[in-house]
Every structure is written in C-alpha cells, then in structure tokens.
Amino acid sequence: MTVATPPLTSSRVSNRLSGDVFSVVPVKSKVGGEGYGRIPGNIAVWILIAAELTEFALFFLAFLIAKVHYPEIFAEGPLQLNTLAGTLNTLILITSSFFVARAMASIKAGQRKQCLRWLCMTLLAGAAYCGIKGWEYFWNEAAGIGSRTNTFFAVYYYLTFNHLLHVLMGMCTIGFVTLRLYFGGYIASEHEGLESAACYWHMIDLVWIIIFPLLYVLR
Amino acid sequence: MRNADSELSGEVDCRLACEFQSEVSVVGLLTIVWALLISMTLLSAFIAEQAEPSKVIITVICITVAIKGVLVIDNLMGLRRVLPVIRWMMLSYFLIMSSIIALVVSFPEVLARLTAL
Chain F
1 MTVATPPLTS SRVSNRLSGD VFSVVPVKSK VGGEGYGRIP GNIAVWILIA
51 AELTEFALFF LAFLIAKVHY PEIFAEGPLQ LNTLAGTLNT LILITSSFFV
101 ARAMASIKAG QRKQCLRWLC MTLLAGAAYC GIKGWEYFWN EAAGIGSRTN
151 TFFAVYYYLT FNHLLHVLMG MCTIGFVTLR LYFGGYIASE HEGLESAACY
201 WHMIDLVWII IFPLLYVLR
Chain R
220 MRNADSELSG EVDCRLACEF QSEVSVVGLL TIVWALLISM TLLSAFIAEQ
270 AEPSKVIITV ICITVAIKGV LVIDNLMGLR RVLPVIRWMM LSYFLIMSSI
320 IALVVSFPEV LARLTAL
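First to last, the protein sequences are chains F and R. The opening position of the first sequence corresponds to residue 1 in the numbering used here, with each subsequent residue numbered one higher. The opening position of the second sequence corresponds to residue 220 in the numbering used here, with each subsequent residue numbered one higher.
Warning: the hint list may mix true and false statements.
From the structure, some residues in chain F lie toward chain R, with a derived Cβ separation under 10 Å [said to hold, decoys possible]:
1) ASN42
2) TRP46
3) ALA75
4) GLY86
5) SER97
6) VAL100
7) MET169
8) CYS172
9) PHE176
10) GLU195
11) LEU206
Since the hints were derived computationally from the structure, they do not count as laboratory data. Every value quoted in this text rests on a predicted model; they were computed, and no experiment measured them. All C-beta atoms, glycine included, are put in the ideal place defined by N, C-alpha and C.
Make a model of the complete structure from these sequences and hints.
Printed below as a string of structure tokens:
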C-alpha cells in the first residue's frame with residue numbers, strides 16, 4: 001500500500017528529522033525532563049490551574065448547598081435561562097479547545113503559519129463566547145432577570161461572570177503567545193510558553209463543561 | 220556512492236511517510252474527539268429542553284460530563300502521554316465533581332441535613 005507523501009522542502013526534511021512529530025516530542029522542559037512522562041508547559045501554570053480548579057470546586061459546592069436549601073428557586077431558575085446561549089457557548093468553547101489542540105499539533109510539526117492560523121481562530125472563538133455571553137446578559141435584563149432576583153440568579157451571575165473573566169484572561173494569554181509566535185518566539189523543539197497557554201485555555205473549557213449542566217440542564 | 224545515496228533517500232522517504240501518516244492520524248483523532256464532544260453537548264441541551272428531570276436523566280448527564288472531561292484531558296489537552304500524577308489529578312477532579320453533583324441532585328435531603336444550621 002502506498003502512502004501519499006507531502007512535497008518535501010529542505011526545512012521540512014530537517015524539521016521532520018529532528019524528532020517525533022506528535023505527543024512524545026522531546027521538547028525541552030524545565031519540569032520533568034525530556035520525552036515521555038514530562039509535564040506539558042511549566043510548573044507555574046499547573047499551580048495556577050490547580051488553584052483555579054479549587055476555586056471553581058468551592059463555587060460548585062456552594063451552588064449545590066444553596067440548591068438543596070432552596071429547591072423551588074433552583075428548579076425554576078434554569079427554565080428561565082437562555083439555554084440556546086448556554087449551548088452555543090459550550091459548542092464554541094469546545095471548538096476553541098479543538099483549535100488550540102490543532103495549534104499545538106502544528107507547532108510540534110514545525111508548521112508555524114498553520115499554528116498562527118489556529119491560534120487566531122481560538123481568539124475569534126473567545127470573542128464569540130464573550131459576544132454571546134453579553135447577548136445572554138442583555139436577554140436576561142430584558143426578561144427582568146438580574147443578580148438580585150433570587151439566590152439562583154445571584155449564584156448564576158457570580159459563576160458565569162467569574163468564568164467570563166477567566167475567558168478574557170485566557171484570550172490575553174493566547175494573544176500574547178500568538179504575537180510571540182509571529183515574531184519567531186517558538187519553534188518545534190522549544191514551545192513551553194505556548195504549551196502553558198494551551199493548558200490554561202483547556203482548563204477554562206473544562207470548567208465550563210461542569211457549569212453548563214449545573215446551571216442550564218439539571219433542575 | 221549512488222547506492223548509498225539512494226538508500227539514504229529511501230530511508231528518509233519511509234520515515235517521512237510514517238510521520239505523515241502519524242500526523243494524519245492525530246488530526247483525525249482530534250476531529251473525532253471534537254465531533255463526540257459536540258454530539259454530547261447537543262444531547263445534554265436536548266435533554267434540558269425535552270426530558271422531565273429524573274434520577275436516570277441526572278445520572279446520564281453526569282456520566283456525559285465525566286466522559287467529556289476525560290476526552291478533553293486525554294486528547295485535546297494531550298495528558299494521556301505525560302506524567303501520570305498530573306493526568307490523574309485532572310481526571311479525579313472530573314470524576315469526583317460529577318459524582319458529587321449526581322449524588323447531591325439525586326439525594327438532596329442528605330446534603331440539606333448535613334449543612335442545616
């Protein structure tokens with residue numbers, strides 16, 4: 001069976017011969033050494049991710065405690081929310097995580113331009129998320145829903161606005177690494193900063209995967 | 220000399236072909252994972268709009284959350300091939316959180332009793 005091979009260029013050959021392309025690329029890392037078994041990104045981003053996940057876990061527990069003490073309010077709350085906005089935002093965040101994963105695959109393959117393209121698409125997805133969240137807040141306002149309506153909406157605004165701030169912070173981080181990549185700051189064998197930003201973005205997506213059913217689906 | 224050159228060229232071609240196949244398979248895997256995540260999200264949204272809440276529905280939704288988490292952590296985040304401590308820390312967060320949500324939503328009176336002042 002023959003396998004179609006892409007056109008060879010000298011840079012592509014040297015790049016390809018420098019190491020494996022995916023996942024087990026022996027990227028230099030300050031943590032965990034080289035190759036299989038290392039930690040993606042740097043230790044600082046993992047401390048940040050652990051702190052953020054702990055913070056959101058406490059929010060989720062507070063939400064659940066409030067839910068069992070005010071069952072009627074928390075049963076009616078999700079019915080008044082804009083499920084379409086919640087669903088669209090979930091689809092957008094999952095797709096943005098896919099874009100980041102493609103960007104990482106591209107940089108590991110030495111395809112800088114493709115990596116830039118995927119990162120720009122991630123930024124666009126982040127902007128779309130913010131736009132839809134803004135629309136959802138206006139939609140709530142028009143329906144007479146605010147953060148002081150009841151306990152459910154107080155927790156809803158606290159959780160979603162906090163998550164929105166994390167998306168904005170993630171966009172700044174992705175924007176920064178995109179600029180660095182544009183100016184040649186990352187190559188196939190050295191892209192720890194880009195990997196750290198990617199891990200942070202995935203964490204934002206993971207948190208939303210829990211928020212979506214908690215606020216919009218379970219009642 | 221010419222034989223040595225053609226052997227080397229053959230090796231390079233073979234290695235590039237294998238790596239191209241690997242590249243295609245990784246992109247394919249990412250696309251499949253993305254499609255699965257999208258399908259599960261749409262299923263959850265459909266349940267939110269249509270089904271009446273019951274313990275079975277709650278369990279299905281929480282299992283969906285856990286599966287989505289595992290798919291993102293292992294494939295999009297790429298933690299399947301890294302230090303097991305980090306991977307298990309992330310996976311356990313998802314498995315524990317989705318279990319807590321399922322238990323609390325299914326048996327709210329227990330948590331209400333435990334947290335009553």
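Query raised in the report: Should the interface hint for ALA75 of chain F be scored as holding, given a Cβ-Cβ cut-off of 10 Å against chain R?
Result: This hint holds: ALA75 of chain F lies near chain R, its Cβ roughly 8 Å from the closest one there, short of 10 Å.
Query raised in the report: Holds or violated: is the Cβ of CYS172 of chain F closer than 10 Å to a Cβ in chain R?
Result: 20 Å, violated
**Report entry** chain R contact restraint on PHE176 of chain F - CB to CB distance below 10 Å
**Finding:** 20 Å, violated
Query raised in the report: Does MET169 of chain F pass the interface hint, meaning its C-beta sits closer than 10 Å to a C-beta of chain R?
Result: Not OK, violated: MET169 of chain F not within 10 Å of chain R, min 18 Å.
Requested in this report: Using Cβ atoms only, decide whether SER97 of chain F comes closer than 10 Å to chain R, and label the hint accordingly.
Outcome: Holds: closest Cβ of chain R sits about 5 Å from SER97 of chain F, inside 10 Å.
Query raised in the report: With 10 Å as the cut and Cβ atoms as the points, is TRP46 of chain F at the interface with chain R?
Result: TRP46 of chain F check passes; min Cβ-Cβ to chain R is 7 Å, inside 10 Å.
Query - Interface hint status, GLU195 of chain F versus chain R (Cβ within 10 Å) - result: Nearest chain R Cβ about 9 Å off; hint holds.
Query raised in the report: Would the hint on GLY86 of chain F stand, with a C-beta cut-off of 10 Å toward chain R?
Result: 8 Å, holds
**Report entry** Per-residue hint verdict: LEU206 of chain F, partner chain R, C-beta under 10 Å
**Finding:** Hint on LEU206 of chain F: holds, closest Cβ of chain R at ~6 Å, below 10 Å.
Query raised in the report: Taking 10 Å as the limit, does the beta-carbon of VAL100 of chain F come near enough to a beta-carbon in chain R?
Result: 7 Å, holds
Query raised in the report: Against chain R, with CB atoms and a cut of 10 Å, does the hint on ASN42 of chain F hold up?
Result: 12 Å, violated
Checked against the numbered hints given earlier, this structure breaks hints 1, 7, 8, 9; the rest are met.
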